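Undergrad: Chain residues, written in single-letter form:
2 protein chains.
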Amino acid sequence: MTQHSSTTEQRPYHHGDLHSAIVGAALAVLSESQNTEFSLRELARRAGVSHNAPYKHFADKRELLAAVSAVGFELLAKQMTDATKDLDSPHERLAAIARAYVCGGVNNPALYRLMFGGYLTGQDDGRPPIERTAAEDMKALLVEAISNGALGRPIPNTTENTREIDGAILTFWSQMHGLTLLLVDRLVGPSEKMAELTESLLQGMLDGLANCIPAIPAGVWVGPPLAK
Amino acid sequence: MTQHSSTTEQRPYHHGDLHSAIVGAALAVLSESQNTEFSLRELARRAGVSHNAPYKHFADKRELLAAVSAVGFELLAKQMTDATKDLDSPHERLAAIARAYVCGGVNNPALYRLMFGGYLTGQDDGRPPIERTAAEDMKALLVEAISNGALGRPIPNTTENTREIDGAILTFWSQMHGLTLLLVDRLVGPSEKMAELTESLLQGMLDGLANCIPAIPAGVWVGPPLAK
DNA sequence: AAAAAATGTTGACATGCGCAACATGAGAAT
DNA sequence: ATTCTCATGTTGCGCATGTCAACATTTTTT
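Chains as they are written, first to last, in full-length UniProt numbering: chain A, 1 to 228; chain B, 1 to 228.
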């Protein structure tokens, strides 16, 4: 007779949606502790299940972290689309994307690091497909803003422009990615100035790109690795 | 009488320089496995000492990793100074710095991630002082190249130029940092094209900076956090 | 030479990962 | 409806790790 609470309330043997519960707990712990080194057992405890229940949903810790990372990508993609929702000017849209991107990272460093920190990259195969999707959504947003004239002039999204567009995206992305991580690692700061910094760098970048968009060398991809 | 080998050879009770041996082993394991999740015990095994010997040199795993990271910063700084050794033109010097930086990261992703991945950032205090030093060496290199005219015109390293110079450095650093990590995470690639990509981005960046250097907002630092 | 400090070793404990065997309950097959 | 089956949850285990405490061996100081 396992009766924990004083009331007659009794948790059913089956949780109902343990998968989400575990991922949710992981997100919570991650954002509290800002540390990837929590234990699966801790998550199980939080979800109120036994220490091994999670293994019915995730082969191992790595797989759980991959799921968490995927949610992170979804969140980030959503923040970016939300931020552009009410904007028309391509320039404004691009700026909003930049802000949302950096902001997303700075507001939850541990999650951002999990997403981009190569907990997954290191080993064998590739990243979970959901990450590809989010990355592609994000890329689509950028392509749209750029081809609509965010760099001062429209650049139609045609084949002969791909290398130019990819060059612009790479410039943008690596600049924002770098800024985010430097902020997160407190190698520049303070991060309260995030918005201003983003603005400055973005502005400088746009001025630069307006004059000269670096063309991507042949054979280079921008975005998640091509499916084989 | 603990005699392990068949010969009369006997390792002395004291290792001699276990500190370096452990750090060395860590660097080796790190670059083999590309994974920060090796165990202290494994390092001890490699160094041929008992599983607890490392604790006489490092308070805990974190401290060991900090030491490894510090070596990483020294290596990177050295690669950059070496790369500029025989160059005079400020522009060439800057390009060489960029190549060396990205190359250093791509050639040992796990080390680079350890250095910048905030294994240290997360917790309480700051990073070990040696990292500050290396970061400042690197910054000095950049300041020198920039003030000598890497952006097309000399910008004397005076107080009224600090915000401009810091702006340029932030642009440069975050761009290279971002590119490095995107390459490392295989979100752009392939990394064999590293050199060309670096060149393209750098060129675009320089053109941009030549026209308009983003000024750093007041109250922002670039480089490791100011000592309190 | 004796005392103190540094460095290595052994053993122990708590915690975590992940396996295997078992328990429980929900839905399919009859 | 009853039974079978399978997904899901539980308990208990083996093994590895981080780290502490107690002890051993050198080296350094005094």
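Hint data in this document are derived by calculation from the structure and do not stem from the laboratory. Treat the numbers as computed from the prediction; the structure is a model and nothing was measured. Quick reminder that beta carbons are idealized off the backbone N, C-alpha and C, glycines included. Some clues are possibly wrong.
Stated by the list, open to error - Cut-off 30 Å, straight-line C-alpha distance, at most; resulting in silico cross-link-like pairs (DSS-like, lysine-lysine):
#	chain 1	residue 1	chain 2	residue 2
1	B	61	A	61
2	A	56	A	139
3	B	61	A	139
4	A	193	B	139
Said to hold, decoys possible - So, partial list: chain B residues that the calculated Cβ filter (under 10 Å) puts toward chain A:
#	residue
5	40
6	87
7	182
Undergrad: Hint by hint, note whether the structure agrees.
TA: Hint-by-hint comparison with the structure:
no.: 1; hint: 61(B) - 61(A); result: 21 Å, holds
no.: 2; hint: 56(A) - 139(A); result: 34 Å, violated
no.: 3; hint: 61(B) - 139(A); result: 39 Å, violated
no.: 4; hint: 193(A) - 139(B); result: 21 Å, holds
no.: 5; hint: 40; result: 15 Å, violated
no.: 6; hint: 87; result: 22 Å, violated
no.: 7; hint: 182; result: 5 Å, holds
When each numbered hint is compared with the structure, violations occur for hints 2, 3, 5, 6.
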